[in-house]
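**Q** Chain by chain, the residues:
There are 2 protein chains.
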Amino acid sequence: MNISELKNCSQRIQPYIHKTPIFTSSQLNQISGTTLFFKCENFQKMGAFKMRGATNAILQLSIEQRNKGVVTHSSGNFAQAVALASQSLGITSYIVMPSNAPQVKKDAVKGYGGHIIECDPTHKDREETAKRIELEKGATFLHPYNDINVILGQGTAALELLEDHPDLDHIFCPVGGGGLIAGTGIYTHYFGNECNVIGGEPFEVDDAYRSLLSGRLETNKTTNTIADGLKMPLGDVNFPIIQKHVSEIIRVEESEIIVAMKLIWERMKIIIEPSCAVPFAALLREKERFRNKKIGIILSGGNVDLEKLPF
Amino acid sequence: MNISELKNCSQRIQPYIHKTPIFTSSQLNQISGTTLFFKCENFQKMGAFKMRGATNAILQLSIEQRNKGVVTHSSGNFAQAVALASQSLGITSYIVMPSNAPQVKKDAVKGYGGHIIECDPTHKDREETAKRIELEKGATFLHPYNDINVILGQGTAALELLEDHPDLDHIFCPVGGGGLIAGTGIYTHYFGNECNVIGGEPFEVDDAYRSLLSGRLETNKTTNTIADGLKMPLGDVNFPIIQKHVSEIIRVEESEIIVAMKLIWERMKIIIEPSCAVPFAALLREKERFRNKKIGIILSGGNVDLEKLPF
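Residue numbers (the working numbering), protein chains in the order written: chain L, 1 to 311; chain V, 312 to 622.
Mixed in with the good hints there might be a few duds.
With the Cβ distance kept under 7 Å, some of the chain L side facing chain V (calculated, not the full set) [stated by the list, open to error]:
| id | residue |
| --- | --- |
| 1 | Trp-265 |
| 2 | Glu-307 |
| 3 | Phe-311 |
Partial pick of chain V residues on the chain L-facing surface, computed with a CB cut under 7 Å [what the hints assert, rightly or not]:
| id | residue |
| --- | --- |
| 4 | Asn-353 |
| 5 | Trp-576 |
| 6 | Lys-580 |
Derived from the structure by calculation, the hints contain no laboratory data. Note that the Cβ used here is the ideal one computed from N, Cα and C, for glycine as well.
Construct all of the structure, not just a fragment, from the sequences and the given hints.
**A** Below, the structure written as structure tokens:
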């Protein structure tokens with residue numbers, strides 16, 4: 001990996017994604033005691049940063065692979081990202097979704113031209129169904145985060161942030177499967193100026209925090225968090241990158257996530273999903289340590305069910 | 312009134328307001344069959360376009376008047392706008408608010424440095440209390456909309472929109488007391504290129520619609536609308552300007568307001584208040600007539616109680 005490879009990645013996906021705006025808020029600066037730059041991936045196409053990784057992964061496929069399409073299993077943002085990225089590149093996407101997935105999510109995938117294949121709502125059936133599609137259609141399987149091309153795509157949000165604000169002291173981002181934070185770590189290492197990357201993770205799914213402590217991939221026994229985008233287990237491709245390029249992970253309580261989410265909704269007038277509030281919650285929890293620092297926050301996505309809000 | 316006076320007004324308030332962004336949405340273009348440009352006054356300081364009019368009105372005061380401060384009665388966005396505009400200009404503001412106003416609104420006014428004077432929750436006591444402050448303090452009374460300087464301030468949002476998109480066919484905006492739409496009408500007359508201004512108004516408070524029909528100021532007997540920013544009666548300063556510079560008003564049902572509001576929240580990931588959804592609801596109601604047109608929509612504000620959402 002080198003600087004020009006990373007720049008190439010960013011340029012490669014540019015025609016297919018939004019260069020999202022960076023928002024500031026004097027009120028949230030005051031509350032946090034820091035100067036904040038929010039990278040608004042909630043305004044990304046399909047509403048989340050996942051569009052970047054999906055696009056990059058698909059663009060790496062050979063013509064022959066593209067002709068046979070791609071397959072993934074997801075009921076979340078990655079499903080929509082693969083469907084939309086495939087549509088904009090003119091290839092076929094097969095999205096394996098559990099039969100009990102919310103209709104609104106199925107409709108979104110259909111709206112982006114994805115072919116939905118329903119499966120039983122078990123992890124085993126998901127994987128088996130995706131495997132079957134790979135064999136039957138010759139489609140290439142795309143993993144939502146445990147894939148270096150996906151990781152490099154996700155990190156381009158941090159590159160855009162650092163291009164506009166090269167003097168950031170820290171970049172905060174959420175940790176779920178680890179795609180976003182691993183990518184952010186790589187780009188910040190090459191393009192930041194003594195900038196370090198800090199993860200925000202719910203106490204309820206703190207496998208990444210514990211993995212960094214123990215030095216081996218830990219798992220979560222339960223996933224009782226409102227941050228539904230962060231429930232996935234940390235990937236083994238992501239973990240060593242995080243060990244190398246992420247300086248620490250700060251854990252937050254569920255109530256802190258809700259407070260942070262509400263602050264951003266109320267003061268910034270933008271819609272973010274609960275997972276997306278986790279890094280800001282992490283900063284607020286330990287704000288004394290970061291007083292007067294310049295801080296970038298990756299706002300990861302805005303796909304939220306308006307009928308099930310926590311406030 | 313002439314072009315240079317209007318440009319001066321815009322320049323005068325510029326240091327004290329945000330030049331708000333203009334958002335687009337391919338999904339909402341598709342749904343409406345038009346090309347939309349949303350002027351995001353929900354991102355304005357204090358969360359609404361009212362900041363423009365309050366700032367302009369205060370900047371027109373003499374030094375002597377400024378030294379004695381300003382007074383208004385409002386429990387809505389204009390209260391916050393007068394408090395914040397006064398704070399940024401270093402003058403004293405007295406805000407008359409009913410004793411039963413929500414604590415969150417009182418806190419916002421206090422946060423912007425306004426002096427709150429509580430009154431009984433009747434229109435009579437509001438006016439009498441404001442009158443008393445005028446006499447006691449020598450403060451100048453500011454009306455939220457029935458004032459040409461307020462009207463000219465509000466219209467600067469349309470000027471910014473037309474500077475970036477001079478070829479708009481129509482500009483839609485909400486109608487309450489008439490400050491925003493009268494100002495929008497004036498600026499569009501001078502700076503638009505065969506662009507006309509269309510109002511959106513709830514059926515439940517359709518005094519402006521009926522006034523345009525009858526040619527005299529009509530009133531509302533009830534104000535049962537979710538669009539709480541549009542309940543005020545049309546002003547007699549605003550009405551003749553609207554007669555001259557607004558081509559039509561389209562009325563909408565309450566359910567249409569909620570649908571439009573939800574579409575903007577879900578697709579654009581931004582928070583707007585119910586009043587703010589009314590012009591988009593008006594466009595959707597009659598979208599066949601506007602097919603393929605370039606349309607500006609003034610998104611008036613984003614101050615909404617997240618614990619009382621209609622969905």
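**Q** Flag every earlier hint the structure violates by its number, smallest first.
**A** none
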